[in-house]
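Go by the hints and put chain W onto chain R.
Chains R and W are the protein sequences, given in the same order. Residues 1 to 73, numbered by this note's numbering, are exactly what the first sequence covers, in order. Residues 1 to 198, numbered by this note's numbering, are exactly what the second sequence covers, in order.
Check before you lean on any hint, since a few could be wrong.
Stated by the list, open to error - To be clear about the criterion: a stretch of chain R counts as covered by chain W if any three or more of its residues have a C-beta under 8 Å from a C-beta of chain W, and this derived list gives those stretches: (1) 31-39; (2) 42-55.
As the list claims (entries may be wrong) - Some residues of chain W that are not near chain R, with every Cβ distance over 10 Å (derived): (3) R50; (4) V73; (5) G76; (6) L77; (7) Q165; (8) Y193.
Read the hints as simulated data drawn from the structure, not as lab findings. These figures come from a predicted structure and were not determined experimentally. Glycine included, C-beta positions come from ideal geometry on N, C-alpha and C.
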Amino acid sequence: MTRWRLALLSVVLFAGAAWACPVCGLPSEQGQGAYLFMTGIMSLLPLALLGGVVTWVVLRVKRADAESPDERK
Amino acid sequence: MEATLTQADPANLRPARRAAVPSAVLGTLFFVVAEVMFFAGLISAYTISRANQLPGMWPPPGQPALPVGAGAVSTGLLLLSGAALLGAYLVWRRAPARATAPLLGAWLLGLAFVLLQGREWWALLGKGLTLTSSSLGSFFYLIVGGHALHAVGALLVLAWACARQLTGKLSPGLFFGVQTFWYFVVLMWPVIYARVYF
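This is chain R alone, in the form it adopts within the complex (with noise of 0.2 Å):
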C-alpha cells in the first residue's frame, strides 16, 4: 500500500516534468505558436479540402438535374 501511496505522491509532485503535451516542450515561445498554428492548419486543411471539393460536386449534380428535370426517369 506503501508503494501506490508513493507512486501516486510522485505523479502528483513530478507532473510538470511529464511533458504530456508535446507543444509544451519546445524550447521557444515561437516554436509553440509554430506548433499550434500548424497543427490547427493541418487538422483543418484535409476537411476543408474535401469538403469543398464534396459540395462542389453536389452543386454539379443538382445544377445538372436542375437543367433537364423533364429527362429524369
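Frame of chain R, contents of chain W only:
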C-alpha cells in the same frame, strides 16, 4: 461523377447518363487534395523548424539568402501562365479553334517559370546551398523541388493538351483535368514563395 438519367438515348431507348463532373476533373481533384496535404506537411515541418532557430540564425551561418527578386519574377510568370490558361478556356468555350494561341502562351510561360527556377537553383548550388548543407537547404530543395516536379509533370500534360488542340481533338474532360492540375501548380507556388523565401 454522373448525374442520374438525364438524357434519353434514341438508339437503344435506354436513358443515357451524362457526366455532371468529368471523371478526369474528379480524379485530378482527389490527386490535388493529396498533393496539397503533401506540401502542407512539408511547409508545417519547415515552419516549426524555422521558428525554433535562435534569433538571427536564419538563414543559417554561411548559407546564402534566397533570391527574393528572382522568386518574384517566377511568381509573376506562373500567375500569368494561369491567367493565360483561364483565357484559353474562356475563348475555347465560344470558339475552340481560337484557343490555340493562349494555350501555347500558358505553356510557354510555364516553361519560362521552370527554366528560371533551374537557373536560380544553379546559382544557389554555386553559393553553397545544397541538400545537405543546412536545414534551409534541405527544406528548400525538398519543398521547391517537389513543386518543380509537379510543374514539369503539369507542363507535360499541358503540352499533350496543346498537341490535341492543334489537331482539333481536345476533349472537354481532358482540358478540364489539365486546367485543374495546372491551377494547382499555379496557386500552390505563391504559398510556397511567401512561406519559404521570406
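task = Count residues of the region 42-55 of chain R with a Cβ under 8 Å from any Cβ of chain W, then say if the count reaches three.
result = It holds, with 6 qualifying residues against the three required.
ask   = Would Q165 (chain W) pass as off the interface with chain R, using Cβ distances and a cut of 10 Å?
value = holds, 24 Å
key: Assertion that L77 (chain W) lies farther than 10 Å from chain R (Cβ)   = holds, 26 Å
inquiry  = Does Y193 (chain W) clear chain R by more than 10 Å, comparing its Cβ with all Cβ atoms of that chain?
reply    = holds, 17 Å
request  = Against chain R, does G76 (chain W) hold up as non-interface, every C-beta pair farther apart than 10 Å?
outcome  = Holds: least Cβ distance 26 Å, greater than 10 Å.
key: Status of R50 (chain W), Cβ more than 10 Å from any chain R Cβ   = violated, 8 Å
inquiry  = Is the listed coverage of the region 31-39 of chain R by chain W valid when you require three or more residues with a beta carbon under 8 Å from a beta carbon of that chain?
reply    = Satisfied; 6 residues make the cut.
query = Can we trust that V73 (chain W) is non-interface, i.e. its beta-carbon lies farther than 10 Å from all of chain R?
reply = holds, 28 Å
Checked against the numbered hints above, the structure violates only hint 3.
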